[in-house]
Amino acid sequence: MNCFARTVKSGIALLLPGLAWFMVNTSGEEVGDWWGTAERERAYYRLVNLPIPQGLIVEAGAFVTLPDNRIAVGTRRGDIYLLGQVDEAKPTPSFELFATGLDEIFGLAYRDGAFYVTQSCELTRVTDRSGDGRADKFETISDTWGYANYHEYAFGSKFDPDGNLYVALGLSSSYHSRALFRGWAMKVTPEGRTIPIASGLRSPGGIGPNEHGALFYIESQGPWNSSCSLKFLKPGGFMGHPVSFNWYNYAPHLKEPAKPESGTRIVSEKEKVKELVPYAVVFPYIRMGRSITGYVVNRTAGKFGPFENQIFIGDYTQSLIMRATTELVNGVWQGACYPFREGLSTGILNVQFTPEGNLLCGGTNRGWPVRGIKPFALERLDWTGRMPFEIKRVSIIPNGFKINFTKPVDATTGNDPNNYRVSTFTHIYHSGYGGPEVDKSIPNVLVAKLSADGLHATIRLDQLTKGHVHEFDLGALRSRERDELLHRNAYYTVNEIPEG
Amino acid sequence: MSSFCTLPYLRFGLIGIFLSSTILSIFPIHATPLIPGLGGKHPLDERGIGEVLLGELRCGACHADEYSQDFHRQGAPDLISVGQRLSPEYLRRFLADPVRVQPGVKMPDLLAGQSTMKRSEVADALTHFLVSLSGSPIVAKPNPGNARAGRILFHDIGCVACHSAQLGNGSKEVADGLLPLAHVPIKYDHHSLSGFLFNPHQARPSGRMPDFYLSGDESRDLAEYLMGGKSPSVKPFKVSAELVDKGRAYFREFNCVACHSLDREPPARQSLPLTKLNPSRGCLSTKPKDAPDYNLSDIQRKAIARALTSSRSRLSAGDAIAHSLTAFNCIACHARDDYGGPSKEFLPHLKTSEQGLGNQAKIPPGLTLAGAKLKPGWMHKVLFDGESARPYMHTRMPGFGEANLGFLPALLAGVDKVEIAEFPEPGRKERGSIRSAGHKLIGDKGLNCITCHNFNGKESPGFKGMDLLTSYDRLQPAWYYHFMRNPAKYRPGIVMPNYWAGSKGARGDILGGDTDAQVWAIWHYFSYGQGAPTPSGIHNPGSNIEVGGVVRTYRGRSRIAGYRGIAVGFPGGLNYAFDAATGTLSGIWRGDFVSVGWGGQGAGSFNPRSRSINLPRDVSFLQRFDEKEKWPLLPVMTKENPVNPDPLYPRNLGYRFLGYAFDDAFVPTFSYRCGDVGIEDVSVAGEKDGHALLKRTLKFVAPAAQTLHFRVIAGKVEAVSDTHYKTPDLKLKLPVTTTILRRPLGADPALRELILKLDLPKGETRLLIDYELLR
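Just so you know, the protein sequences line up as chains A and B, in that order.
Heads up: the first sequence begins at 1 in this note's numbering, then just goes up one per residue.
Heads up: the second sequence begins at 1001 in this note's numbering, then just goes up one per residue.
If you're looking for bench data, these hints aren't it; they were derived computationally from the structure.
Just to be clear, a hint being listed does not mean it is correct.
Claimed, not checked - Ranges between beta-carbon positions, derived for each pair:
1) A:Asp128 x B:Gly1600: 31 to 39 angstroms
2) A:Ala301 x B:Gly1216: 24 to 32 angstroms
3) A:Ala301 x B:Lys1118: 37 to 45 angstroms
4) A:Asp462 x B:Asp1646: 54 to 62 angstroms
5) B:Gly1414 x A:Asp473: 25 to 33 angstroms
6) B:Thr1738 x A:Leu56: 22 to 30 angstroms
Idealized CB from N, CA, C, for every residue including glycine.
Sequences are here, hints too, so could you generate the full structure?
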C-alpha cells in the first residue's frame, strides 16, 4: 500500500499541514483503505455523533475544555463555539457562538477567563469584557512571524507548566520559507516575548506535550519526511527540513546548523548535523494514516480504558484515530504508534478528552482527500467498558522489546518466539517528496518470555537497528480467553538502544 | 415460507366495555396483542408467526429453552425510572387492567381471575412500589413544543409505519394492526413524553419503539402533537411506605422480575421450558386463571401452539432474517425479495424533497441483497448510528439498537450473494488515466450523472440526488458493478438510465467505449474519496458574509488588505478594510460586504463584493521622519524574488499591532503603537449630501510631547482647501494641522502623498478625519 514517488505532473501541488498532496483539476490521490477493524472496534469504543445544529458549519481545528466543563471549539472558518452537554449518553450539545471573524483557528488555550487563540495571522488573547457571552476584545499576543503566502498555517499549543505557549509555523506554499520564521517553532512567554526555538519544520499538524511533558509536534509526510511523524521539539534543534535556515540571522541566540545531505539516512546524518532531531515516532505512510494531525494525552484516570498516559492522535485523510507512546533512551526521544479506531465520518483535525473521559474528535473534509464522507463533523469516542485485547505498549530493552498487553496472553502462544514477527525498515532522508521504505530487514526473535500474569512479554532479537522502524505483527497471539488481538500491529522507531 | 399474509384476526375489536373516563372511552377494547409487523406484508407461515409471538410476548422469560432466537432477545421497559416517566394514576389503572387501558399492549394481565377489589389493591400497591424506585414521582412540567411541527414530523418521518395516521379532518385512520396512541395524553406529561421520544431506548431497551434521532426541539414538538393540546393530567402523588412494601411483595409474587429485571430483587422463577408446554393450558388457555392473560386471539394461540409443537430448532439464516424483519417491522418500509414494503395507507406519507427522482426518492430502499450491497461498516452505521445517504427522503431510518439487531448484518452478509465481479486493479501507470476517464464520465461532458446526483457535498445543478462520492464507502464493488450494468433490476422503477447494458458503453470515445472499463473507471474515481476532483458541471458554492443588523468584523487575507487583513462592514452598506500588518486603512467600499473563499482548501480570504477604493498599505505613522526622505514603502515580493527582503519592515519602523475591541454595537476600535505612542483607531459609518462617509477617529496617547508623521493617503491627491483634499474617488476632511502634500520621491509626476505633521502634547490627542465616498 505504500505510495511513493508521485511526481507532480500538472496542476498545482497543494498541501495542508498534516496532509500529503493532491493535484487539482484532473488528478487525485489515494486515501488508502480502511484497516478493516471498525466492526470489531465498535464493541470497545463506540462512535457517537454530536449533532451540529442545522445551518452551522463547524470545521473543528482546535479544542479546549473550560473550567465549567464546556468545550470550546475553534474552527477553520474562524469561529469559536462553546459546547455544553457534550458527554450526555445521547448528546444534543448546546452551541453558543463566542467569537467569529478570526482566521483559521488551529490552537486554543484558556487561562484566567481568556482564550489564547492561534490563528494563521497571530496568537490572540480573546476575552468577553461585558460578560454577555460574546467576545469583545482581541489582543495580539504575538505576531512575530511572517504570513504572506499560501499554506502558511500556524498551530498553537496549550500552556506549559511555566505559562508558555508554543506556535508551529508551516512553510510557505509548503516547500519554501519566504516569510519570516516559516518552518520554525516559536515560544511565547507569559510576558509576551516571542522566541524562536527550532527550525526545520515542514508542515506541522499539531503541537503540545507528549505523555512525559516534553514538547512535541506533528510533522507531515513530504520533503525530508517520508512518513508523518511525531517529533521532539528540542530547543535549538533542527527538525529536518533545511529550507528555513534563512532566518537564523533573526534568531541570533541560535547557531545555524550545517546543511544536511540529501539522499542519506537520518541516523547517520544526525551524527554530522548535531542539531538534527530524529523522528521520535514514525507513522508508516498509509498503513498508519496519511496526514496525522492534532493529538492529546489521555489523563482520564481510566475512564477511557486501558491506555492511560498515552497519546491519541487523529488522521485527516483516513478519518481515524491512533495511539502513540514515547520514551527517552540515551537522551533521545523515540517510541511506538498503534492503530486504535477507524471509521470516523470526516477528516480529523484535532482531538480532545471531554470532562467525562470520552475522546472528542472533529474536523472537515474540505480541500484535501478524506476517507470519511461528511463535510464536517464532531464525534465522540466512548469506551464501552469492555476490555479490548490490544498491544498496550511497546518499549525497548537492551536486546529487544518489552510488549505490554491489555489482557493476559495465553502462555502457549505468548512464549513462542515464532508468534512475534518483527520486520524493520527506514526511509531515505532526502529533499524529495515522501519516500519508500528501504533497508528492510527481518530480525530473528530469539526468545519470547511471557510474564506470569500474561500481561507483558519480553522478546530478544538477534539485532536491533538504529534509525529503523521496527514493525510488529503479533496476529498469532491469543489471549487467555482465546481472543485475537483487535489490532495485530505496532510500529516502534528505534533511534537509540539502551545499554545492557 | 408463505407469501404475503395479512392477519385480519389481529384487528382489534370495536365493540367493548368502555371505561368511565372519557379519554378511555375512545379505545377499542379487548384488542389482542398487536405486533405491527404481523399486520403487514410478512412472509411467515403459521409456525413463523408463532415464533415471532413467542419472542414479542417474551414467553422465554418464564419458559426459557435452548432454542431462543436472536430476535427473541428483548428487554421489557425499564422500571427504575417509570415513576418519573408515567402518571401514577395511569400506572394504577394500567396495572389493574392493562388490556383495557392500552389496547394491543403486549404486557399480559397478571391478575387474571382476581376479583375487582383484589385487582385494585394489587395495582395500587405495585404503583407505590414502582414510583418509589425512581425516588420521586413525576411532576408535571410544561415543555412547550409546536404541535403543528410535531404533526408534520409524525406523518413524515415514519411514525405512521406503526401508529395510526391522522387524516386531514382530524380523525384517525382505522388501519389494521397499528398501535393506537390515544392513551398517551393520560400516560405521560409533555416533559416526560418528549424525553421518551428523544431517547426511547432508555425506557424501552427492546428497540421495538425505534429511535428516530429526534433533536430536543423535535421531541418537544412531537410530544406536543401527541398530547393533543391537553394539559398534563398528572396529579400530585405521595408514596406510602406501607404500600411500597406490599407492592414489592406483589412484584415478587407475580414474577414481574422475569421481564423487568431489578437490582436487589431475587431472580425470576422459571416455569416449564417451551418444549414442555401444553398449548391449551396456562397462558395459552382460552380463559387463563392464575396465569398471565395475554388476551390472545384464537389464531394467535394456534400459531403459538404450532410453533411449540413443531420440532424446535434454530432457524436458518434466511428464516431468521425474515422473522427479525417482521418482529422489528422493518417490512413496513422495506421490501425484501417478495415480502414487505409500504402499505397503501403508508405510501402517501412517504415524501421527498426531490420529486423528480420518482418513488426511489420517497420509498426506503429495498433490502433484497442488502448484505451483498452494503459494506459492513456502512450497514452498521445505518442500522445503529443514524447515518443516512438520502437527505432528500423525509422518512428517517430509525435506530433499533445494536444490542437488539447487532446480529443482523452478519446474517444478511451470509445469505445475500451476487455473482463475483472481477475488479481489475489498475497499475500505477494506468491509474491516472482510468480515473480521469471516470471523472469525465460523471461530469456534464460525459454521462452527466451529476445532473441527478450531488457530488462531494456540492449540489447538483439538477436534482439533488444521492451524493455519488458516498458510493465507495457504502457499496460493495461486486454489487456496484451489477447495479451499474442494470440499475432497474436492483432498484425497480429507478429513474437512472442503463448506460451499460451491452458490451459497449454509452460514450464510445472514453476508454474505447468498453463497458467494464467504464464502470470500473468510475469506481476507481470514487475511490479517491473526498479528494476526488470535482466533475465538470458541479460548482463550488460561493460564500458571502452578510452584515445584517450589527457591525461585522472579519479577519482574513485579502488583495486589498494583505494577509493580516480585517474587513469591517456596517449595517447600511458601508465597509472598510484595515491592514493589521501595517496599521493602515486600506480600502473603502459601498454595497454588500465580502465574499470569502471557503470552497476547497480556501482559507477564508475575503473580497469586497463591490469595487473598493484602495489605499496604500505602507505604514501610516512614523516617529522619526525626515521630510526630505522617501516614505518607507511596503516590501514587494515578486515571482522572481518571492522572499520578503525586509521581514521586519513595520516592526523596525516602530509599528506594533495590539488588537481590537468591540463596543456595544460591535464597532471595532483598532489598537496599535508607533514607538511609544499608543494609537486607537475607530471608524463609523455616516452620510453627507447623499454620499457615504467613513468617520475615523484616531486617539493618540503620547508619554511625552513629540512629533508624529501620519501619511493619510497617496495617489492622485489634490488640495481643495487647507482642510479638504480630494482624489477621484474620495474627499477627505481633516482638522487644521500641518500638512505636507508632496510628490513621492521617484513616483509618477501625477501622484501625491498627503502627510500630516502631528505635534502631539504629552497625554491624549484626538484627530478626526472624514472619508467621503464620491461614487
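Hint by hint, here is what the structure shows:
1. Checked against the given bound of 31 to 39 angstroms, the beta carbons of Asp128 (chain A) and Gly1600 (chain B), roughly 33 angstroms apart, stay inside it.
2. Evaluation of the 24 to 32 angstroms hint for Ala301 (chain A) and Gly1216 (chain B) yields a pass: the beta carbon distance comes to about 31 angstroms.
3. Against the hinted window of 37 to 45 angstroms, the Cβ-Cβ separation of Ala301 (chain A) and Lys1118 (chain B) comes to about 53 angstroms, which falls outside the hint.
4. At about 58 angstroms, the CB distance of Asp462 (chain A) to Asp1646 (chain B) agrees with the hint of 54 to 62 angstroms.
5. For the pair Gly1414 (chain B) and Asp473 (chain A), the beta carbons lie near 29 angstroms from each other, so the given range of 25 to 33 angstroms is met.
6. For the pair Thr1738 (chain B) and Leu56 (chain A), the beta carbons lie near 52 angstroms from each other, so the given range of 22 to 30 angstroms is not met.
Going through the hint list in order, the structure does not satisfy hints 3 and 6.
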